[in-house]
Amino acid sequence: MIVLAAGQGKRMMSNLPKVAYPLAGRALISWVLEAVRPLEPASTVVVIGHGADRVRSVLADDVVVAVQEEQLGTGHATQVGLEAIPSIDPGDTIVVLYGDMPLLTHDLIADLADLSSGADARMVTTDLDDPSGYGRVVRDAAGQVVGIVEDRDCTAKQRLITEINAGVYAFRAGHLEESLQEVSNDNAQGEYYLTDVAGILVGKGDRLEAVMASAQEVMGINSQDQLAEARKALQQRTNSRLMESGVWMQDPDRTYVDDTVHVEPGARLYSGVHLEGSTSVAADAQIGPDVFAVDSSIGRGSTVWYSVLRSASIGEHCEVGPYASLRPGSVLEDGAKAGTFVETKNTTLGKGAKAPHLAYLGDATIGARSNIGAGTITCNYDGDGKYPTEIGEDVFIGSDTMLVAPVKIGDKAVTGAGSVITEDVSEGALAIERSEQIEIPGYADHREARKAATEPED
Amino acid sequence: MIVLAAGQGKRMMSNLPKVAYPLAGRALISWVLEAVRPLEPASTVVVIGHGADRVRSVLADDVVVAVQEEQLGTGHATQVGLEAIPSIDPGDTIVVLYGDMPLLTHDLIADLADLSSGADARMVTTDLDDPSGYGRVVRDAAGQVVGIVEDRDCTAKQRLITEINAGVYAFRAGHLEESLQEVSNDNAQGEYYLTDVAGILVGKGDRLEAVMASAQEVMGINSQDQLAEARKALQQRTNSRLMESGVWMQDPDRTYVDDTVHVEPGARLYSGVHLEGSTSVAADAQIGPDVFAVDSSIGRGSTVWYSVLRSASIGEHCEVGPYASLRPGSVLEDGAKAGTFVETKNTTLGKGAKAPHLAYLGDATIGARSNIGAGTITCNYDGDGKYPTEIGEDVFIGSDTMLVAPVKIGDKAVTGAGSVITEDVSEGALAIERSEQIEIPGYADHREARKAATEPED
Amino acid sequence: MIVLAAGQGKRMMSNLPKVAYPLAGRALISWVLEAVRPLEPASTVVVIGHGADRVRSVLADDVVVAVQEEQLGTGHATQVGLEAIPSIDPGDTIVVLYGDMPLLTHDLIADLADLSSGADARMVTTDLDDPSGYGRVVRDAAGQVVGIVEDRDCTAKQRLITEINAGVYAFRAGHLEESLQEVSNDNAQGEYYLTDVAGILVGKGDRLEAVMASAQEVMGINSQDQLAEARKALQQRTNSRLMESGVWMQDPDRTYVDDTVHVEPGARLYSGVHLEGSTSVAADAQIGPDVFAVDSSIGRGSTVWYSVLRSASIGEHCEVGPYASLRPGSVLEDGAKAGTFVETKNTTLGKGAKAPHLAYLGDATIGARSNIGAGTITCNYDGDGKYPTEIGEDVFIGSDTMLVAPVKIGDKAVTGAGSVITEDVSEGALAIERSEQIEIPGYADHREARKAATEPED
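Here the protein sequences come in this chain order: A, B and C. Take 45 as the starting number for the first sequence in the numbering used here and just add one per residue. Take 45 as the starting number for the second sequence in the numbering used here and just add one per residue. Take 45 as the starting number for the third sequence in the numbering used here and just add one per residue.
Treat the hints as calculated values from the structure; they're not laboratory data. Where hints are given, some of them may not hold.
Unchecked claim - Taking lysine-lysine pairs in the DSSO-like style, the calculated list, with each CA pair at most 27 Å apart, reads:
| id | chain 1 | residue 1 | chain 2 | residue 2 |
| --- | --- | --- | --- | --- |
| 1 | A | K430 | B | K495 |
| 2 | C | K395 | A | K430 |
| 3 | C | K398 | C | K430 |
| 4 | B | K276 | C | K276 |
| 5 | A | K398 | A | K430 |
| 6 | B | K398 | C | K395 |
| 7 | A | K495 | B | K395 |
| 8 | A | K495 | C | K430 |
Said to hold, decoys possible - Chain B regions said to be covered by chain C (calculated; three or more residues, Cβ under 8 Å):
| id | region |
| --- | --- |
| 9 | 83 to 96 |
| 10 | 290 to 304 |
| 11 | 456 to 465 |
| 12 | 472 to 485 |
Even glycine gets a Cβ: it sits at the ideal position worked out from N, Cα and C.
Required output: the full structure, derived from the provided sequences and hints.
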């Protein structure tokens, strides 16, 4: 099987070609190719007019991009696509579809591409409440498709037909190539229309079959509004699949899970959760409300709420948030905690280690069961380079400790609150950097006097 | 009145028996029992097959749990339930319902249980667009119910009936017990069906009446999808009730308020607000966007936004957030403020006291009008125990003050920025812990040189 | 043209007159006046019963408020409104509408007010599925409106009419004034009804035309539920307009943009975004998830997520959040960053300056390319006044630096981690305030021993 996707480089009022628009974790056109992929096509060609470079950047390496230099219609685009394929056997099946129909399903394409009935071509049709503007599918008394009549050419009776041509086809290669030769551009736009191939095939007595799809499946995206609608439909598909498998969702309408994410049955997702990329969530984990996680893993029984995770790895029975930011390279081993107003980056918290509040931990390894006091900061950056902090097991880092990297804190060591630690600390030692507390009595009276002196009298 | 609820211990792809699933602040089955409660039944029995312990843990103490060891059908379950009741008078009203119908309303059950018309039994029915699979309600010309015909036994004409049996009944006890004896298990599944009782009653000339309900009210929960749908329906009921009473909601579809929460008229809830448990919100309070509050009270005229509150008590005209976390035991007296990146736990902020930013306050009492500088931390934990911090009235805690508990700061005292306070501070005194600031000139040149030295030449 | 809006001071279970309720960035009544404004009426009068002061406070200065002391009906209210206009020409067009219909559109009012066909009056009508309770519009065989019949006076046939009177009119002034004289209060309520004017006009042979509107357009707000519905409808209008112009929205149902906000094509809004007041968002900016911005500007290519902005100005290619709070007077010049747990107020971050984490910056100016370490706080408040901090270009502020204002840090200067800076720092110098780190060995053993001593033996 060979797939030709008309890439449609058009823009929707922005600089991005529309098929390259992000949509629930994939580029728009990638949804189409994803629906095709399980059929393992021998070649996949995307024909693109404008913005070929941007489109190419979102495609897999084995997808061929054919540039349609002149916009001479869908028939011409098909021709351009065919020319990009090194060798075609007349018996090959060629699927031609639009790159802007992200709701096409694998089942539909598999059905379409199945010419085993002896059909020479199959086409996707759908029923529209308001079919005006679309080519109508004309069938004979036996229900056999006998032609497609463009809206402008319809008789009054044909105009009442609600079954329309969705523009998605599977052809026996030889029949397609032959018929394409006969398509003319003798029309108002001076373009070659792929639609005409259907008429030509039927005219020759070839067998053209129709596969019915829902109107939603063949929705093309031509506006931001439709893009938002498609995102919602894809979200509902993903969420239905997950709920069917046993995932609890507080509010599926507000749960944004990419198709690429893995969520185990028994996981619980509260509202306002965004899960993207290669993220995975294990059973009994509770995520949300209001969590963003991309390319992160969350282990069994862990709780993550009101937090942002990027390329973070969370073990089992961990706690994250509310209000934590775990940046790339953050690792929480089982039972660890990154609590409130805690940011980590390229840092490992060992088993049962806890940073409950107000901390920045970067380029650090923290041993099991260690406790990081509030206000602790790894001073990992000196303006030029980044340096590591190593904290042992069972360490107690006092509040507001500055760990000036590179620095090592031995097992069971303790640091005094407010200390700037620039030297390594030995195992079991207390390290402290502090002056003496002094008290100046009567300071409140002094403040009052100062205030009175600076305030204008009434 | 006696209530028998078939508990249905089935699971929905997770370890939790489905009727124990949390649903908008109550276990699924508790919604059913809540609808029954105002009728003050003499006994309430939940019949449960699997997971009895988990189900029992979500039930009130006065609910009897009867375990149905063998799954021999709904008739058998009813028998098991009846046997769990010490004494039944033949004239008692027995309501039999499903534990997985959380949308049953009090009004419906009250209507159902009212046998004052002389009915021997009443049943709930509903109209379904697609009734296939359900037992149809057959009525005579006068509209009197004359039987229930199971789907498989329907004539072609009966199959067109859209009124179906919802499986929820009220019986005069004597009639129920007598009829149950006659139910046989002579069917494909070898089970005893409660449905058969209806036919037996009518056969005996007993009077069976039907109470119509909406399809939504009798929706049983058999999937995560239906659970989410039920949550949404319950949310809409709660939100409609609150809006009717005069609560403003920016977006009711995104406002998650447990049925147990009290919100006064004139309160304003922005989108993304979760209010749970025994939470209360007073008039003119503004909550949200994006607030989670459980078991907390928020006083008149207070503003809480982008924050998390757990067992916190907020007085009148307070400010919380954006980005505050108030943990259990947090008390804000009137006019107090817990601002941005502030976490409190077991801490009282007196009248007009303010912690505007970046602070951790644990096990502390803070007097009226005191100001807590940014970066202040109560060092309440030494790795073993937790210790208190007492701050008087009109105190000015300088930025980044570490208060090493146990410690007391007298009224009107001041602490210098960056001080670690380990000793008590007297009333009106300035306490400071600090070294001298020294300056090393030309350091920028040194850095440049060092950088140049370590960078490879091109 | 002259506009009379019946203000309707009624309350919806709260202290606020309903037309003064906030609704998607405007007071309820301001939506009505906004629909009228492009027609440039010579006078606009709001007739108000209760709460005139509160209503006046939300109106533009050129709107006249006429107080209807006694509630004698809509006809009387119209009379009160007319009396507030200094001079009326009989040929003037008088538009009379309700102050509680925020979904009225400019197009509808423009159509209504156009009497160029020779009509003496025009009225807005709509079709309702359930018209009961409303005055029906009676037309003759030619489709000409011949009267309005109140629900209670309808014949059985008239009761079937679904076109109802929405209560919104345009009159030729002379005709209105004349007819109003003839309206009587001979009815159950003893009130003067404006509706009667229509009948009187037709009775005189005047020409009354009808303008059809959708039911939504003429929805009056009488409950919190309807207020929420109106907010949703206005949100959809704004979001549709923005998407049509090329703005990407992840989830338009969860995107809250005031009508007064400017968003450029190519900007991307994730879910949970609130944009209010005079906020503007440039192309290629990415906002959200979960951002609140009021009266703020966000430049091209900037990213703002999980943050709160109030009167902040963000340049191009800046980064804000996750979890930043930018308070009034915050300015980020191009390429600047206010990262995680960063709060700014009345502070400028110069080009490329960065405050990546955990900082409070108030009343500060920070030069280009300077880096603010985690834990940095400008101690701008001494309990009485606020003082400025000036940081030069290419400065490196070490972690946990307290900048005790007023204070100046010269270009290229460096501060040591944990320093309290009270004196100005020279250009290129290193300033440090720190004691010596000391180490007490064996402290872990001491802790163990202490713990053992204080714990009760079993």
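Are the Cα atoms of A:K495 and B:K395 separated by 27 Å or less?
-> Holds: A:K495 and B:K395 sit about 23 Å apart, inside 27 Å.
For the pair supplied as a hint, B:K398 and C:K395, confirm whether the alpha-carbon distance does not exceed 27 Å.
-> violated, 33 Å
27 Å Cα cutoff - pair A:K495, C:K430 = OK: A:K495 and C:K430 at ~13 Å, within 27 Å.
For the pair supplied as a hint, A:K398 and A:K430, is the alpha-carbon distance within the 27 Å limit?
-> With Cα atoms ~23 Å apart, A:K398 and A:K430 stay inside 27 Å; holds.
Mind checking the alpha carbons of C:K395 and A:K430 for me, to see if they're no more than 27 Å apart?
-> Given pair C:K395, A:K430 holds - Cα atoms ~23 Å apart, limit 27 Å.
Can the restraint linking A:K430 and B:K495 be considered satisfied, given a maximum Cα separation of 27 Å?
-> With a Cα-Cα distance of about 13 Å, the restraint between A:K430 and B:K495 holds, given a limit of 27 Å.
Could you grab the alpha-carbon distance between B:K276 and C:K276 and see if it respects the 27 Å cut-off?
-> holds, 18 Å
Outcome, coverage of the region 83 to 96 of chain B by chain C - at least 3 residues whose beta-carbon is closer than 8 Å to one in that chain = violated (count 0)
For the pair supplied as a hint, C:K398 and C:K430, is the alpha-carbon distance within the 27 Å limit?
-> Between C:K398 and C:K430 the Cα gap is close to 23 Å, so the pair holds against 27 Å.
Does the region 290 to 304 of chain B contain three or more residues whose Cβ lies closer than 8 Å to a Cβ of chain C?
-> holds (count 9)
Confirm or reject the coverage of the region 472 to 485 of chain B by chain C under the rule of 3 or more residues with a beta carbon closer than 8 Å to the chain's beta carbons.
-> holds (count 8)
Given as covered by chain C, does the region 456 to 465 of chain B meet the bar of three residues or more with CB within less than 8 Å?
-> Satisfied; 4 residues make the cut.
Figure legend: structure checked against the earlier numbered hints; hints not met, in rising order: 6, 9.
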